[in-house]
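Chains as they are written, first to last, in this note's numbering: chain A, 8 to 335; chain B, 8 to 335; chain C, 10 to 353; chain D, 10 to 353.
Keep in mind the hints are simulated off the structure, nothing from the lab.
Some hints here could point you the wrong way.
Unchecked claim - Cross-link-like lysine-lysine pairs, in silico, DSSO-like; alpha carbons within 27 angstroms at most:
#, chain 1, residue 1, chain 2, residue 2
1, C, K279, B, K49
2, B, K49, D, K288
3, D, K156, B, K22
4, A, K49, C, K57
5, D, K308, A, K22
6, C, K156, C, K242
7, C, K242, C, K189
8, C, K156, C, K209
9, A, K22, C, K156
10, A, K322, A, K202
11, B, K324, C, K112
12, A, K49, D, K288
13, D, K130, A, K49
14, D, K189, D, K209
15, D, K44, D, K288
16, D, K156, D, K279
17, D, K103, A, K316
18, D, K112, A, K324
19, B, K22, C, K209
20, B, K49, C, K242
21, D, K209, D, K44
22, C, K57, B, K316
23, C, K130, C, K209
24, C, K209, D, K189
25, D, K57, A, K316
26, C, K112, A, K49
27, D, K44, C, K156
28, B, K322, B, K202
Claimed, not checked - Stretch-level coverage of chain A by chain C, calculated; a stretch enters the list once three of its residues show a Cβ under 8 angstroms from a Cβ in chain C:
#, region
29, 77–85
30, 254–268
Unchecked claim - With the Cβ distance kept under 10 angstroms, some of the chain A side facing chain C (calculated, not the full set):
#, residue
31, A69
32, G72
33, Y110
Just so it is clear, the structure is predicted and the values come from calculations on it, not from any experiment.
Each residue gets a CB set at the ideal place from its N, CA and C atoms; glycine is no exception.
Now for the letters of each chain:
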Amino acid sequence: MPVLEYIEAIRTAMKEEMERDSRVFVLGEDVGLKGGVFGATKGLQQQFGEMRSLDTPLAESAIAGVAIGAAMAGMRPVAEMQYSDFMFPATNQIISEAAKIRYRSNNDWDCPIVIRAPIGAGVFGGLYHSQCPESVFFGTPGLKIVAPATAYDAKGLLLAAIRDPDPVLFFENKKCYRLIADEVPEGEYTVPIGKASVMREGSDITVIGYSMPLHFAMQAADELSREEGIEAHILDLRTIQPLDREAILEAAARTGKVLIVHEDNKTGGVGAEVAAIISEELLFDLDAPIRRVCGPDVPATVFNPPGEKHFMLNKDKLKAAMLDLARY
Amino acid sequence: MPVLEYIEAIRTAMKEEMERDSRVFVLGEDVGLKGGVFGATKGLQQQFGEMRSLDTPLAESAIAGVAIGAAMAGMRPVAEMQYSDFMFPATNQIISEAAKIRYRSNNDWDCPIVIRAPIGAGVFGGLYHSQCPESVFFGTPGLKIVAPATAYDAKGLLLAAIRDPDPVLFFENKKCYRLIADEVPEGEYTVPIGKASVMREGSDITVIGYSMPLHFAMQAADELSREEGIEAHILDLRTIQPLDREAILEAAARTGKVLIVHEDNKTGGVGAEVAAIISEELLFDLDAPIRRVCGPDVPATVFNPPGEKHFMLNKDKLKAAMLDLARY
Amino acid sequence: MTQSGSVKNHTRHAALGLTDEQAVRMYELMQLARKYDERGQLLQRAGKVNFNISGINQEPSQVAMAFAMDTERDWFLPYYRDYAFVLSVGMTVKELMLALFGKAEDPNSAGRQLPGHFGSKRLRIVTGSSPVTTQVPHAVGFALAAKMRGENSVSLVSFGEGSSNQGDFHEGCNFAGVMKLPVIFVCQNNGYAISVPLSKQTAGRISDRALGYGFPGFQVDGNDPLEVYRVFKEAHDRALAGEGPTLIEVVTYRVTPHSASDNDLAYRTKEEVEHHRAKDGIPAYRRYLTDIGLWNDEKEQELLARIRKEIDEATEYGERAPFQSVEDAFRYVYAETDEAGEVR
Amino acid sequence: MTQSGSVKNHTRHAALGLTDEQAVRMYELMQLARKYDERGQLLQRAGKVNFNISGINQEPSQVAMAFAMDTERDWFLPYYRDYAFVLSVGMTVKELMLALFGKAEDPNSAGRQLPGHFGSKRLRIVTGSSPVTTQVPHAVGFALAAKMRGENSVSLVSFGEGSSNQGDFHEGCNFAGVMKLPVIFVCQNNGYAISVPLSKQTAGRISDRALGYGFPGFQVDGNDPLEVYRVFKEAHDRALAGEGPTLIEVVTYRVTPHSASDNDLAYRTKEEVEHHRAKDGIPAYRRYLTDIGLWNDEKEQELLARIRKEIDEATEYGERAPFQSVEDAFRYVYAETDEAGEVR
Ligand SMILES: Cc1ncc(C[n+]2csc(CCOP(=O)(O)OP(=O)(O)O)c2C)c(N)n1
Ligand SMILES: Cc1ncc(C[n+]2csc(CCOP(=O)(O)OP(=O)(O)O)c2C)c(N)n1
Ligand SMILES: [Mg+2]
Ligand SMILES: [Mg+2]
């Protein structure tokens, strides 16, 4: 199987789906000739023309709103938000409209859009090119939210998202774009929305998370296995709404010691819900308090390199937390 | 002490603070002659003139954005969002701007605004006059968020919010407006932001929540005390950001059995964070799983009366959950 | 339809290409909407329904704009006062009553949304919400889809003058302008946004905004349905000819309070309201039809009786119809799929 | 300042009320900004700094607009290409370098924000962010505060032509129009928003949008600083006279790639860029000053040497300065208060 970069997997998914289904088109700022500021849509305009790889005016509420209209009209728009930090002008269209169209019309109308947006820090982007906006949208009934950590999942989840009958927010991690590469099948396959996946089996501690930080957890787990004989069980949520409750409970029960990781600020993040689910369902199976290692509760994040590094998660931070939990 | 309705307490706070401090003004849709659609600003234009009780164009992003500018210029704006459902167009101004102005300028600039918005269902308002938007803003560093349940707290917290040097979202419950009335001192007093308060002492179960549902919990607690001898300890968070961790842990430790209540949808709500905090800090002091009784994970809520009633919390639902927990 | 009558082409409506039947039907729809709306107010005041919002005085223009549209191909994104418009594109009084009573059979939302929140795929009426102006970019999306698929379809979106000050108005208009999309943007300027008069909403003229987006904007008197028809017909022709969007500001006046709970005399005078009520477009249009021999008192009586019957029956039906079950009220947050994963 | 020189009132700048010293100072600032900016690009290419965004070619108009403002009373809300503007209202090259290197001493943000994200209460420059156009309503808020307090203060806000398509542009302009607030809205139309050319951003003319808000809009050639000064001065006078806002579209061109990471030849030709580079306003303005005897080669050499020294020193200082400590980087999410609860 060919090894693809995470961003290439995303690009491939759009390209293949646009070839397969003429209703699919991408729209956003600079997605055309430039191919997006990260290159995710590179080549699409050349292959599919200006209308199907559509450079929009600089207006996120319109990008979302026009995509919503086109989706209701039967198209399958994939809207790109240049950075997830810049999707907030579209909040009203996402929360008040996309999320509620099926519900409010009693299933008469639907809104099958995908909104792609890069999340996360690590590119010297300062306070507005580094955020994780998951918690803003998490908990809004009617939205699905995915956040792949691997190239395989990125392609499979994006295909699933485009084919999904409901609005899907697709949060891609900009640090993963070129750092993460793994085996990606050619041609179509989907990764089901709503299903977590076990990245690593282990019996000592359970790590639950999504997106980039899981790679740090995997590295830390390898080292802990080698150095300390500690075996971590690692669950990649992949979909953060709806959460895969069964998989969460199973992973937590497996070791009785749970560490939740994400880069989004700790307070009010997805991890709080994961912790709440476990403490609601599985309290007496736990052998240690549920811990969270997340982005600190400050705006993500400063431009200067030491500050950015200090904010972000990394292998060492996770390793320390995992070791600590294992020894609890 | 005079007994005031919750909405009157809010109105009084604005009026008194506008008398005291010429920098304070209110702005929003219909806040002028009409005095707001609920009447919260009634009389202010008559007393303070058109500029200090300012009818704005119908544009929430501008209401927030202009208020932010005025706040940076040294004023103390109190912006009214007609319904919290209609504050989503202002999300970008709130999350990207208000919340980050102090941080991004390294304390050179500040943004002392208050944004008032009515939350909650129960007025036959359908899907867009019934929502609780707390979870959208909760977790955004730089914002403070309060949600009073009593008239006393409403006045005291609003005065504290106006005087606070940072942006405060003030979520008032529209069902409380005229249903809730309690003793409110004349003249100035503040309720500190960030401090929860014990509404009822008890030793059997702990209920933690905020806003309207606490009144159902209080009613249920009275009945349970009378009928079953069960004594509930009830903690009103009052401020939902920053959460009063100490008070939460103390209240949880008090009984070892915790029920969290809010009307906002369960998933991703403030209650998840409360549960996560407890399960992170106090896991082994618990005698029962942490339960949450919240708005179901569907859009809040339908126009038709049986559907609305079915969605909402009430005394009976809470009583059943509290009894169940007590018997655990 | 063919034209009939001896006044052919000498009447204003014929000159615009409207048949006599159409001209009369327009009148009937105006009256139907007016009477439905008055009943809605009554029901609300009697405490039979929990919410009502009125479109009274805006019917002549709403009917006229509907008549300029193609109900087989176009897409409609009305706003909450557009009763006369939705009646004109095929919604029935019975359906409106079901919505007013919030009943399960309401095709708009099964009683989930407030009355006045229209939506019916069958009638090409796109589901709308309460936050104002969000529908503007949606209309642009429908027009974009039409252009992508090479369909001869126009989208019409309407909103109030207050709502035209939301960012989504600007972003939607500009997007449509850049791509020369077949959209008609309709601002029903009725002078107030709840309590806030036009002078506090904008210092400009709303129709002038089109210039900044590179397409034409017109102001038209909402009390003159034939003039409204003309302006919309031209906009529709331009849209179909690939010449892009048009902004039309319909000048009207809200004679009722904003909604049932509004006391409008807190912010305007009775005299002002009466002044505008006297300019009601419905009697004026009736005079027009009468003058050219298409209408008379007998027809009027017959029409009013027919309407009353229809509304009575609809009211009764709506009142008796069941609510959506509370279990069903939790459905359709997401698509329901069968075992094979297909959307049902 | 008093006017001097024999060409008094016969020169363009004197006719506009600018002294010779001011006219010369404007030139110096244009060059200072240009050279600073070129150094920024060099440092970025050399890998010494992690981000740079350029204002090259937009300096003449930025300096001119600053000269029309009152640095004691007005409020400034610039955007990320406004180096020449902020230098003209008092920021130093050293301060810009501290920001470029992201150092603790940077007065804009202590190295928290990207370079080009200006803010300094001392200089009345309001802290800005990356999401475009959010500053437009803020400027309106400053003007509102000024009006409420009876202060003779104008706020100036600038943004790109792409950014003028955000809802906040519309909402902010309309709000200011309704209340006749003293705001100058400046659209620096440089032809591109990253890769997207003007023709895909809007089909209208941006200056025409003012009409829809009830205030005047003007287009002005950004390469002609004296004409820019004239238009801004008039807008400033109008604002102070209580006549409300003005929208000014400065027509310019972005000769550099969008930012360091952008390959602009993917979407435009070298020829197009060269065509515009040839119209650079700085040499043209230098010729103007030379022709009227205010400038010569010797002064130019002396100026360039002075600027180089200033920039060299600033670079060195910026490079050596310490970063904010990681502990301090977590401060000021909220106000810090002392024991008595007073904000420190
Ligand atoms: C985003 C948003 N803000 C506020 C409201 C509350 N609201 C409902 S109707 C209305 C006034 C609308 O005025 P206008 O657009 O002129 O339409 P009209 O009702 O006059 O026909 C307001 C403020 C809303 N529905 N949506
Ligand atoms: C809300 C938002 N969306 C997207 C971006 C990413 N972005 C940064 S600059 C830019 C282009 C701005 O173009 P323009 O307004 O013309 O200004 P210019 O850079 O050309 O001076 C974009 C899309 C952003 N900063 N903010
Ligand atoms: Mg109106
Ligand atoms: Mg530009």
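Each hint, compared with the structure:
no., hint, in the structure
1, C/K279 to B/K49, "holds (21 angstroms)"
2, B/K49 to D/K288, "violated (59 angstroms)"
3, D/K156 to B/K22, "holds (21 angstroms)"
4, A/K49 to C/K57, "violated (59 angstroms)"
5, D/K308 to A/K22, "violated (59 angstroms)"
6, C/K156 to C/K242, "holds (20 angstroms)"
7, C/K242 to C/K189, "holds (18 angstroms)"
8, C/K156 to C/K209, "violated (38 angstroms)"
9, A/K22 to C/K156, "holds (21 angstroms)"
10, A/K322 to A/K202, "holds (25 angstroms)"
11, B/K324 to C/K112, "holds (25 angstroms)"
12, A/K49 to D/K288, "violated (33 angstroms)"
13, D/K130 to A/K49, "violated (42 angstroms)"
14, D/K189 to D/K209, "violated (31 angstroms)"
15, D/K44 to D/K288, "holds (18 angstroms)"
16, D/K156 to D/K279, "violated (48 angstroms)"
17, D/K103 to A/K316, "holds (26 angstroms)"
18, D/K112 to A/K324, "holds (25 angstroms)"
19, B/K22 to C/K209, "holds (23 angstroms)"
20, B/K49 to C/K242, "violated (45 angstroms)"
21, D/K209 to D/K44, "violated (32 angstroms)"
22, C/K57 to B/K316, "holds (18 angstroms)"
23, C/K130 to C/K209, "violated (37 angstroms)"
24, C/K209 to D/K189, "holds (11 angstroms)"
25, D/K57 to A/K316, "holds (18 angstroms)"
26, C/K112 to A/K49, "violated (50 angstroms)"
27, D/K44 to C/K156, "violated (48 angstroms)"
28, B/K322 to B/K202, "holds (25 angstroms)"
29, 77–85, "holds (count 7)"
30, 254–268, "violated (count 0)"
31, A69, "holds (4 angstroms)"
32, G72, "holds (3 angstroms)"
33, Y110, "holds (5 angstroms)"
Checked against the numbered hints above, the structure breaks hints 2, 4, 5, 8, 12, 13, 14, 16, 20, 21, 23, 26, 27 and 30 and satisfies the rest.
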